[in-house]
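Student: In case you want the letters, here they are:
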Amino acid sequence: DAKTTQPTSMDCAEGRAANLPCNHSTISGNEYVYWYRQIHSQGPQYIIHGLKNNETNEMASLIITEDRKSSTLILPHATLRDTAVYYCIVRSMDSNYQLIWGAGTKLIIKP
Amino acid sequence: DGGITQSPKYLFRKEGQNVTLSCEQNLNHDAMYWYRQDPGQGLRLIYYSQIVNDFQKGDIAEGYSVSREKKESFPLTVTSAQKNPTAFYLCASSIGRLIMNTEAFFGQGTRLTVV
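Protein chains in written order, with our numbering: chain A, 1 to 111; chain B, 1001 to 1115.
Some clues are possibly wrong.
Stated by the list, open to error - Derived list of chain A stretches under chain B, where covered just means 3 residues or more per stretch with a C-beta under 8 Å from a C-beta of chain B:
no.	segment
1	3–10
2	67–77
3	85–98
What the hints assert, rightly or not - Pairwise CB distance ranges (calculated):
no.	chain 1	residue 1	chain 2	residue 2	range
4	B	T1077	A	A103	42 to 52 Å
5	A	H77	B	E1015	47 to 57 Å
6	B	I1099	A	P111	20 to 30 Å
7	B	I1095	A	I74	21 to 31 Å
8	A	Q45	B	D1059	39 to 49 Å
9	B	D1038	A	P21	19 to 29 Å
10	B	E1015	A	N57	23 to 33 Å
11	B	K1070	A	D11	37 to 47 Å
12	B	G1063	A	P7	28 to 38 Å
13	B	V1052	A	N19	18 to 28 Å
14	B	N1018	A	S41	37 to 47 Å
Claimed, not checked - Computed list of chain A residues with no C-beta within reach of chain B, every gap over 10 Å:
no.	residue
15	A13
16	A17
17	E31
18	L51
19	A60
20	P111
These are calculated hints, taken from the structure and not from any lab test. All C-beta atoms in this analysis are idealised placements derived from N, C-alpha and C, irrespective of residue type, glycine included.
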C-alpha cells in the first residue's frame, strides 16, 4: 500500500502558485519523498525529490516539514499545461526500493 | 536526444493471442521496469530488471513475461494467460534499482486493448 495520503483533486487559478499537500506520517529517516506528475494518457514525469531539506529546481519547490510527516509541492506560477495528476511517493528500502503509487491528486488549472 | 521509447502507442489484440510491447532506452541505465495502469489508478509493477540477463517479478507478474538480452531493451509479452490485459502499459528506467537518491524516467506508454 502507498505510504502517502493526498487530496483527490484541487483547483488553482492560472498564474497563481499551486500548493499540493501530501501526508506521510509513517516515513522513516532514510526514506525519500518523490513527486511525479502524469498528464492524461502520457507517461509520468519526474518533478522533484527530497530527504530532509527543502528542494527547488526549474519545475517546482518541495517543502518538507521538520518532523518529515508531511510535505508540499509548490508550482510557483501555474499554467494550463500543469493540469495533471500529481503523485507523492515515499521510496523505501522496506518496499524493496519500489515506487508505490497511490491515486494521486488531480490538479486542474483554471484560466 | 536521450530517453525511453515505447512502441506501438496503441495496440489491439484478439483474445487468446500473445502480444509483445517494445521498450528501448539510450540513457545507459542498468535498471528497467514495466508497470501497468488501469483507469483512475496508480501504477503497479509487473517486472523489473537490475542488469542484463536478470529480471524479477513485481506485484502482478502473472500472465506476463519479459527478457533482457541487451542493456537497451526490455520487451514485455502479454500472454493469453493474462485474464484482463486491457490497460495502459508503461516502461521506465533508472541508473540503478537500489539507489534511493535517483529518479526513474518513463516512456510515453502503450495502450493495449483486447477485442
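Student: The structure should be examined with respect to each hint, and the outcome stated for every one.
Tutor: Hint-by-hint comparison with the structure:
Look at the segment 3–10 of chain A against chain B: 0 of its residues bring a Cβ nearer than 8 Å to a Cβ of that chain, fewer than three, so the hint is violated. Using a Cβ-Cβ cut-off of 8 Å, 0 residues of the segment 67–77 of chain A lie near chain B, which falls short of the minimum of three, so the contact claim is violated. Requiring three or more residues with a Cβ within less than 8 Å of a Cβ of chain B, the coverage given for the segment 85–98 of chain A holds, as 5 such residues are present. Separation of T1077/B from A103/A is about 28 Å and departs from the stated range, judged on CB atoms against 42 to 52 Å.
At roughly 49 Å, the beta-carbon separation of H77/A and E1015/B lies within the given 47 to 57 Å, and the hint holds. Between I1099/B and P111/A, the C-beta spacing of about 41 Å breaks the proposed range 20 to 30 Å. The beta-carbon spacing between I1095/B and I74/A, approximately 27 Å, falls within the hinted interval of 21 to 31 Å. Taken as a hint, the range 39 to 49 Å is violated for the pair Q45/A and D1059/B, whose Cβ atoms sit roughly 23 Å apart.
About 25 Å separates the C-beta atoms of D1038/B and P21/A, a value consistent with the hinted range of 19 to 29 Å. Distance hint for E1015/B and N57/A: a CB-CB separation of about 46 Å, inconsistent with the stated range 23 to 33 Å. Remark: the range hint 37 to 47 Å for K1070/B to D11/A is upheld by a beta-carbon distance near 46 Å. For the pair G1063/B and P7/A, the beta carbons lie near 34 Å from each other, so the given range of 28 to 38 Å is met.
For V1052/B and N19/A, the Cβ-Cβ distance of about 43 Å falls outside the hinted range of 18 to 28 Å, so the restraint is violated. At roughly 25 Å, the beta carbons of N1018/B and S41/A sit outside the given window of 37 to 47 Å. Distance check on A13/A: its Cβ is at least 25 Å (rounded) from any Cβ of chain B, clearing the 10 Å threshold; non-interface status holds. For A17/A, the requirement that its beta carbon stay farther than 10 Å from each beta carbon of chain B is met, with the minimum near 23 Å.
For E31/A, the requirement that its beta carbon stay farther than 10 Å from each beta carbon of chain B is not met, with the minimum near 8 Å. With a closest Cβ-Cβ approach of about 8 Å to chain B, L51/A is found to fall inside the 10 Å limit, against its non-interface label. With a closest Cβ-Cβ approach of about 13 Å to chain B, A60/A is found to remain outside the 10 Å limit, as its non-interface label requires. For P111/A, the requirement that its beta carbon stay farther than 10 Å from each beta carbon of chain B is met, with the minimum near 25 Å.
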